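First to last, the sequence lines map onto chains A and B. If you count by the working numbering, then the first sequence holds residues 1 to 165, one letter each, in order. If you count by the working numbering, then the second sequence holds residues 1001 to 1319, one letter each, in order.
Do not rely on the hints blindly, as some may be mistaken.
Claimed, not checked - Residues from chain A that keep clear of chain B, each with C-beta distances beyond 12 Å, as calculated:
1) V11
2) L89
3) R96
4) F98
5) L105
6) L108
7) A109
8) L112
9) P128
10) L143
11) A160
12) A162
13) R163
As the list claims (entries may be wrong) - Short, incomplete list of chain B residues facing chain A, as computed with Cβ under 8 Å:
14) L1022
15) A1049
16) A1105
17) P1184
18) I1207
Quick caveat, the hints were computed from the structure, so don't treat them as lab data. None of the values given here were measured: they were computed from a predicted structure. Ideal Cβ placement from N, Cα and C applies to all residues, glycine included.
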Amino acid sequence: MSLRGRADGAVFWSSLAIGLLLSVIALPPYLLPFKPFWLALLVVYWSLEAPDRMRLRTAFLLGLAGDLLSGNLIGEQALRLVVIAFIVLRLRARMRFFPMLQQALVVLALLLNDRVVMLMVRAFQGTPAPDWTFWLAPATGTLLWPWLFLLLDVARIRGARAREN
Amino acid sequence: MPNNGNDASPLFADADSSTLGLVGWVVLAVVLMVADHRGRFLDAIRREAAVLAGPVYWLAAAPARASRAAHDLLVDRTTLTEENAQLRERLLLAEARLARLDAVADQNTRLRELLDARTRLGLKAQLGELIDVDLEPFRHRVLLDLGAGEGVAPGQAVMDARGVVGQVVEVLRDRSELILITDPGHAIPVRVARTGLRAIAYGSGEIDALSLPHIPFSAGVRVGDELVTSGIGGGFPAGLPVGTIRSVEPDDSATFVRAIATPAASMARSGEVLVLHDERLRLGADDAAIEFTGPPEALSPGAPTAQETAPPAPAGGAR
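Chain A extracted, bound-state conformation (with noise of 0.2 Å):
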């Protein structure tokens, strides 16, 4: 574990960084409503797949990262990602072993969970109410889930092969 662990760090910072990059990155307008939270997915696999890394505390640095870069609140999506990155860590015995279609489902209960999280941020600011729309992203941050998934996957088994080798 500790020696995979090591391995995994390029794929770690990497994954962070272009996390980041996609959560700003332009899309046409019609396609604005279903960008996903690209930051919770990450937080996701990798509160379930390496605990020692994404700690509370990396989740929450994340975050502020990602409010600097989209000029949001400071602090808005610490909160959202230490939320998340908590309930994945105390479900992660359980969650690590569910088939995939299953742990898709918890993946979009928790990003409704943050959208409602969201929500009650927002209306502390004082912004109206958004329109139904808002709903949409959790959806594609669902399907994205399994691709990612593997993705991750992948890029962490050529990682550790690279370093055997």
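Using the hints provided, position chain B relative to the given structure of chain A.
Same frame as chain A, now just chain B:
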């Protein structure tokens, strides 16, 4: 990082994923949010971080840049000629309209001199480009490639060729953040051009709609009415096109109507915009010669003719 390596953080050392850890981080996040929302204490941090964010924005905008470049390369000749013809036509129309405006501006100058009016509507504009970066889908904010270095200040109005786009809210060294008039948190004082009724157009959160709640029934607002800025409040210069009324329906109280307007500007994100420098801010400057009256300089190829007829503009005569 092995599991026992977290001794360096004494605060939540063993309790990182415990409930205590969660509470600690959540409280920290809430404190940060409140500090940011209320006190704007974190502006300095934001400004520092913005320097680091520059390259990220550059990278994030790369796909959009590449697709535009590819489009320019691959677009065929006929489309280009067509586009050219269309632009020519529009230029002609715009020039005709400008010529008429010149006459009106001239008349306006004379009338104002008669009235000895102090506030003069001088507009100076600066051309900027929007950066293709999504800040957040539910807040309509965009980045502009002009910053404090180019003399941009918070509160300045921004328009494109058709109408008002938004307002500068935050200025960094080499770029600034705009709030669009369609942002749910934005409001712009407007006037119905036909009747002179003053109202406030709120952003609706949708990219193609402004909402005007609480218009009296008796005001007789109709579908198709043009909205222009009223200039009240000083944020936006008066008379800039804002939008067109798209629908009018009575609200629940049946004493007011709520109208929905389509913004005049194209709110799509990329493209060039004008940042307006409102000359009225220099109040009391009695010697402020009218540099140019009417549409912004950068929009008016026919500007010199206007200045030749206006005596207090020696610069125009020299051209």
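Hint-by-hint comparison with the structure:
no.	hint	in the structure
1	V11	holds (14 Å)
2	L89	violated (4 Å)
3	R96	holds (15 Å)
4	F98	holds (19 Å)
5	L105	holds (23 Å)
6	L108	holds (19 Å)
7	A109	holds (18 Å)
8	L112	holds (16 Å)
9	P128	violated (5 Å)
10	L143	holds (18 Å)
11	A160	holds (17 Å)
12	A162	holds (20 Å)
13	R163	holds (17 Å)
14	L1022	holds (5 Å)
15	A1049	holds (4 Å)
16	A1105	violated (36 Å)
17	P1184	holds (5 Å)
18	I1207	holds (6 Å)
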